[in-house]
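Participant: Residue strings, one per chain:
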Amino acid sequence: MIITKKEFLTQSGLKVKTLELWIEQEWVIPRDTPSGPGFSDADIARVHLIRDLTEKVGANDAGVDVILHLLDQLHGMRRAFEQLQTHLKDKLP
Amino acid sequence: MKNPYEVLGVSPTASTSDIQSAYRKLAKKLHPDLNPGDKSAEDKFKEVAAAYDLVGDTDKRKRFDAGEIDETGAERPQHHYYRDFAQSDGGHPYMDTSGFADFMDSDDAFAELLRRGQRSRANRRGEDLHYTLPISFVESITGANKRLTLPGGGTLDVTIPAGLVDGKILRLKGKGAPGAGKGGPGDALIKVEVLPDPRFQRDGDNISIELPISLNEAVLGGKIRVPTPTGDVSMSIPKGSNTGTTLRLRGKGAPQRGGGHGDEFVKLKIVLPKHPDPELETFVSNWTGGRDFNPREDRS
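As they're listed, the protein sequences go chains R and P.
Residues 1 to 93 (my numbering) are what the first sequence spells out, left to right.
Residues 1 to 300 (my numbering) are what the second sequence spells out, left to right.
Quick caveat, the hints were computed from the structure, so don't treat them as lab data.
A few of these clues could be false.
With a straight-line Cα cutoff of 25 Å, these simulated DMTMM-like cross-link-like pairs (lysine to aspartate or glutamate) come out [stated by the list, open to error]:
no. : chain 1 : residue 1 : chain 2 : residue 2
1   : P       : Lys239    : P       : Glu193
2   : P       : Lys2      : P       : Asp18
3   : P       : Lys28     : R       : Glu55
4   : P       : Lys173    : R       : Asp32
5   : R       : Lys56     : P       : Asp65
6   : R       : Lys17     : R       : Asp41
7   : R       : Lys56     : P       : Glu210
8   : R       : Lys56     : P       : Asp298
9   : P       : Lys146    : P       : Glu217
10  : P       : Lys173    : P       : Asp197
11  : P       : Lys60     : P       : Glu47
12  : R       : Lys89     : P       : Asp38
13  : R       : Lys56     : P       : Glu217
14  : P       : Lys62     : R       : Glu26
15  : P       : Lys60     : P       : Glu6
16  : R       : Lys56     : P       : Asp57
17  : P       : Lys239    : P       : Asp205
18  : P       : Lys29     : P       : Glu68
19  : R       : Lys5      : P       : Asp38
20  : R       : Lys6      : R       : Glu82
21  : R       : Lys5      : P       : Glu127
22  : P       : Lys28     : R       : Glu26
23  : P       : Lys29     : R       : Asp32
24  : P       : Lys39     : R       : Asp32
25  : P       : Lys46     : R       : Asp32
26  : P       : Lys25     : R       : Glu55
Not the full set, but computed from the structure, chain R residues with beta-carbon under 8 Å of chain P [what the hints assert, rightly or not]:
no. : residue
27  : Val16
28  : Asp52
29  : His75
30  : Arg78
Fair warning: this is a prediction, and the values are worked out from it, not measured in the lab.
All residues carry an ideal CB built from backbone N, CA and C; glycine is no exception.
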């Protein structure tokens with residue numbers, strides 16, 4: 001489900017300034033919708049992740065940046081691997 | 001539930017900062033988002049988080065140590081981890097393929113598979129949208145302005161350049177799907193399908209047409225009307241024209257790159273009247289020249 005910026009701020013508990021900063025750093029990437037930026041459940045979960053990284057893991061901003069970048073690559077690879085696996089399943093007896 | 005000190009791997013007399021550092025160490029190792037493929041990480045992480053909730057909080061720790069509360073803290077609210085979305089469509093804008101970009105450079109099937117699953121990161125440009133637009137043969141030669149109705153209900157104005165060939169793809173910049181972030185929209189790619197015309201054939205910049213003429217016109221010559229993509233024109237056919245005789249109408253073909261036009265070639269075809277004509281039969285049987293002429297002579 002796609003929600004508006006206002007709903008997203010309420011649900012995630014983020015401050016406007018923080019959200020704007022995170023968007024600028026590409027930690028959160030809203031979609032373009034006719035009524036402005038739109039946010040998804042995945043974006044909410046990503047906010048929780050970033051909070052966990054800073055509050056629980058003790059990562060600083062630079063650390064969060066590195067972790068997110070590596071995680072995004074890891075998920076890209078996991079998806080590619082999954083597709084490869086599906087593809088091979090079709091091809092092999 | 002286990003003893004929270006055991007879960008965190010600290011002694012019951014550990015200091016608050018020791019407990020915090022033990023918790024952080026475990027959180028780093030066990031956070032579900034840092035272990036996307038390990039299903040057990042979530043349970044272990046929850047256990048550690050619950051233990052830290054209890055003994056990481058000075059008040060709660062005192063009450064626990066005094067036996068006022070047991071080790072079951074309040075259940076933490078249901079939490080969706082990012083990894084649950086990361087590989088689904090919801091997580092797409094974040095997915096990054098740079099970790100195996102070097103594998104995708106080759107031409108083999110594996111690289112193709114990787115490319116197919118590729119989604120770029122932030123500031124992703126919108127996708128290109130593909131459409132097909134059928135136009136008439138005449139429009140392909142003369143050019144036209146067409147309006148394409150999109151599946152979503154919108155419209156796109158498309159200018160067909162004169163002389164366009166079948167299967168040509170026109171790109172309308174920025175008319176594709178919207179992008180994410182500062183990526184900007186994709187393009188609309190319109191494949192133009194030229195519908196065949198029963199009259200005209202195209203051959204490069206030239207076009208050809210087969211034109212039926214009567215026996216009288218063939219024998220005696222005369223002026224006839226010939227269709228061209230820009231309308232009918234008048235053309236003189238010489239006396240004694242035959243089936244297969246090809247005449248050229250200069251500049252009536254498709255526009256050429258760098259100016260000028262191709263030609264229209266008119267191939268004549270003699271057509272006799274539909275019903276046998278007694279007068280023609282009488283004439284032909286009395287026609288000596290016709291009796292002596294053998295068109296298959298040079299074939300023997």
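Participant: Could you run down the list of hints and mark each one as holding or not?
Facilitator: Checked hints:
no., hint, in the structure
1, P:Lys239 with P:Glu193, "violated (40 Å)"
2, P:Lys2 with P:Asp18, "holds (19 Å)"
3, P:Lys28 with R:Glu55, "holds (11 Å)"
4, P:Lys173 with R:Asp32, "holds (18 Å)"
5, R:Lys56 with P:Asp65, "holds (24 Å)"
6, R:Lys17 with R:Asp41, "holds (20 Å)"
7, R:Lys56 with P:Glu210, "violated (82 Å)"
8, R:Lys56 with P:Asp298, "violated (99 Å)"
9, P:Lys146 with P:Glu217, "violated (40 Å)"
10, P:Lys173 with P:Asp197, "violated (31 Å)"
11, P:Lys60 with P:Glu47, "holds (16 Å)"
12, R:Lys89 with P:Asp38, "holds (22 Å)"
13, R:Lys56 with P:Glu217, "violated (97 Å)"
14, P:Lys62 with R:Glu26, "violated (42 Å)"
15, P:Lys60 with P:Glu6, "holds (17 Å)"
16, R:Lys56 with P:Asp57, "holds (14 Å)"
17, P:Lys239 with P:Asp205, "violated (29 Å)"
18, P:Lys29 with P:Glu68, "violated (31 Å)"
19, R:Lys5 with P:Asp38, "violated (33 Å)"
20, R:Lys6 with R:Glu82, "violated (36 Å)"
21, R:Lys5 with P:Glu127, "holds (23 Å)"
22, P:Lys28 with R:Glu26, "holds (22 Å)"
23, P:Lys29 with R:Asp32, "violated (36 Å)"
24, P:Lys39 with R:Asp32, "violated (34 Å)"
25, P:Lys46 with R:Asp32, "violated (35 Å)"
26, P:Lys25 with R:Glu55, "holds (13 Å)"
27, Val16, "violated (18 Å)"
28, Asp52, "holds (6 Å)"
29, His75, "holds (4 Å)"
30, Arg78, "holds (6 Å)"
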